[in-house]
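Novice: Dock chains B, C and D against the given chain A, drawing on the hints supplied.
Chain by chain, the residues:
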Amino acid sequence: MSTSRVVGIARAVAAKDLRIEWRSRVMTNQVLPFAAIVMVLFAFALDNDGILQRVAPGLVWMATLFTSLVVVQRSFAVESADSAIDALRLAGVPSQGVYLGKVAALVVQLVVFETVLAVLALILYRVNVDLHGAVLLVTTCVLGSLGIAALAAVYGGLSVAGRGRETLLPLLLLPAVAPVLIGATRATESAFGSDGARVAEGWPWVGLLAVFGAVFLFGGTLGFGPLTDE
Amino acid sequence: MKHADFIVISWVLSFVPIALYAWRNARRARQLDPFVDKSDKPWT
Amino acid sequence: MSETSVVDVRDAVVLLGSFPALAEATLTIERGELVVVQGANGAGKTTLLRLCAGLLPLARGSARVMGHDVGRDRAAVRASVGFLGHANGLYLDLTAGENLSFWGDVVGAHRAEVESAAQRMGLNDRLLSTQVGRLSAGQKRRTALAIMAVRRATLWLLDEPHAGLDAAGRDEIDALLRDAVAAGATVVVASHELERSASLATRRIEVVGGRIVESGGRE
Amino acid sequence: MSNATTSVPPPTRTAATRNLGLIAIVGSIILALLGLFFTAEDVDQGSSVRIMYVHVPTAWVAYLAFVFTAVCSAGHLWGKKHSLNLDRLAGASAEVGVIFMGVTLVTGSLWGRLSWGTYWQWDPRLTTTAFLFVTYVGYLAVRGLGGTQQQRAKRSAIVALFAVLEIPLVHFSVLLWRSLHQEATVLRPNGDVTMDGLMLFSLIFGVAVFTVIFAWLVLHRNRVLALVDAVELRGIDAALEARRAEEVPS
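Protein chains in written order, with the numbering used here: chain A, -5 to 224; chain B, 7 to 50; chain C, 56 to 274; chain D, 5 to 254.
Chain A with its partners taken away, still in its complex shape (with noise of 0.2 Å):
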């Protein structure tokens, strides 16, 4: 099972389920609306531009949070609406490339979610951000996501695969994902330079994001397999 024919499958789910998304677009005509308002109404609630900038990075990463577990609830109701992951099971394809293929689609959409709110946020709450701080903000982003979305693939194919109830995806997702929460939100600060934070205290914190991410990449790879077959 060569890892190109791995990457392909990976790719192909990917592109699917993107595709499907932006069909869909569940993504821009409800989730995205959703935080834009929240950020605004934060923006109203404490209205001292001192405590938002404190906030932003918080509010940000908190909305991604709650968003990837309707990001992944989505992306795996369509699967099992008429038992597609069986079908791909079934014939035989390599569940790592289905895992990895889900995973880069998550991620893509974390990452679109996590840049508008992060613009959103510099905007209504007048950050500034200069280059250093804007290059660990796209790392923190895309590190962040991928530890989410690692671990929200294995325990969305968990929610498919046993007649689970959609609750069990927060309980099982929100308590792992803290680190990530604490990781990403500190480094966010440090590129916000909230409360004098300077950016360079921020990549300690993305090393964070970075083992966390491989950790559970690595750890989906192998159990999302085994967990989603019969």
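Treat each hint with caution, since some may be false.
Unchecked claim - The calculated lysine-lysine pairs, modelled on DSS-like cross-linking and capped at a C-alpha distance of 27 Å, are:
1) D:Lys84 x B:Lys47
2) D:Lys85 x B:Lys44
3) B:Lys47 x D:Lys85
To be verified - Covered by chain D, according to a simulated footprint, are these stretches of chain A (three or more residues, beta-carbon under 8 Å):
4) 174 to 187
5) 198 to 211
What the hints assert, rightly or not - Quick list of simulated restraints, FRET-style, between CB atoms:
6) A:Ile45 x D:Ile29: 53 to 63 Å
7) C:Arg166 x A:Gly190: 52 to 62 Å
8) D:Thr18 x C:Leu220: 51 to 61 Å
9) A:Phe60 x C:Asp66: 51 to 61 Å
10) D:Thr122 x A:Glu195: 20 to 30 Å
11) B:Arg30 x A:Asn42: 46 to 56 Å
12) A:Phe38 x C:Ala167: 25 to 35 Å
13) D:Gly83 x C:Val263: 49 to 59 Å
Just so you know, these hints were derived from the structure itself, not from any lab. The C-beta atom is built at its ideal place from N, Cα and C for all residues, glycine as well.
Specialist: Frame of chain A, contents of chains B, C and D only:
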């Protein structure tokens, strides 16, 4: 509430759940017993 | 029992929990046969199909599909077998064409192969560009069969493929299965509709109490 | 039926569990005497340190329980037989672990109330404990999913291994996070207590007692889970037996 109350409550709350769990487990065992025979109980 | 037999099952015992769904079943199927498996519900029809699809572990006996052991080289068996249960395994948000090209990418088939499979299964352009969610049961079933063709499955295992189809739909499916056999596939259909199987099958077998009984057709 | 459930000894009892049970009870009494009366009060926080003798042992044994669950899960996954008994042991250990973790959180916050003045503080150890509690409640929820016993076993084993993988990451990130907040915690009740010989002995003795209790509970629970699985299989047999009788044309 005085210090002593906190301490007593801590100790009581440490052992009561264990006892409850053990009792509930034993009750479940007795309920299941009529439906199984010796072969299902390798430990006896 | 020549070496070219597509399915070679000998004294197979398959347990569902502790119930022997298959109790020493023996069966061989040669390339190009169209076998209809009959038997009451729960007699073991579906279990036999799932065994040949590499989905169930063998408690005893042996089972080889396309020369691969269903237990040890399960992945090889599944790659060469197309199993179609009650669900079609399609993405309802995508069009039939997109479902086909997705499977084409997954198995690494060229665009031309995907198009020829679609034609063979009678999927015209209008149908190919329709969202699967809006297709009829018969059209969905045909799309699922087209995917089997795209996957170049050599052994087609179909569990009650006619379920939920009207008379016209059933005839279409039968025609497609004969095409598939003509194109070199071997087809096994589990069906409990007696008159249906008479015209379709080159061979009919029956599963009774977990054992296989030949019941007519080419011996 | 009701009187049967009280007087008759449970079918899961054997000589081993009886002895373990006795040791656990005697040990607990001795621990109580030690912890509540014989050991001296702490120089700083006075008598509230007596909570330590239950809080620290239950925390320790809960961690032990989750590691044991992970070991059994790995044994089930990579063992040749994929033994269901290992799966049940993993489940029983996780159940007891969750109870001990709950107790740890309660006694931890009571102790915190006395020495910090608040029921909760984002102390790295307490935070990780709370995280573990929720994670393993999730694990027990996964054990409740449907499917055959083998499916349940494989699924739970993988989630258990993921949970164990999460512990160091969460603990490390919480430590990093709390280290940013250098507020000098005047008093750290969880173990940073200067202990004389008897106090240290009592603490270790406490860990031993709760470990015995853990073993005793898991033994009983594992056997009950075995009975549950056996009854389930018998149920399937009976139903299918009836089905088969009616199909085969007599």
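Novice: If a hint holds in the structure, say so; if it doesn't, say that too.
Specialist: Do the hints match the structure? See the list:
1. D:Lys84 x B:Lys47: holds, 23 Å
2. D:Lys85 x B:Lys44: holds, 23 Å
3. B:Lys47 x D:Lys85: holds, 19 Å
4. 174 to 187: holds (count 3)
5. 198 to 211: With 7 residues in contact (Cβ-Cβ under 8 Å with chain D), the coverage given for the region 198 to 211 of chain A holds.
6. A:Ile45 x D:Ile29: 53 to 63 Å: holds, 56 Å
7. C:Arg166 x A:Gly190: 52 to 62 Å: For Gly190 (chain A) against Arg166 (chain C), whose Cβ atoms are near 58 Å apart, the range 52 to 62 Å holds.
8. D:Thr18 x C:Leu220: 51 to 61 Å: holds, 59 Å
9. A:Phe60 x C:Asp66: 51 to 61 Å: holds, 55 Å
10. D:Thr122 x A:Glu195: 20 to 30 Å: Given a distance of about 29 Å, which is inside 20 to 30 Å, the answer is holds.
11. B:Arg30 x A:Asn42: 46 to 56 Å: About 53 Å separates the Cβ atoms of Arg30 (chain B) and Asn42 (chain A), which means 46 to 56 Å holds.
12. A:Phe38 x C:Ala167: 25 to 35 Å: violated, 59 Å
13. D:Gly83 x C:Val263: 49 to 59 Å: violated, 37 Å
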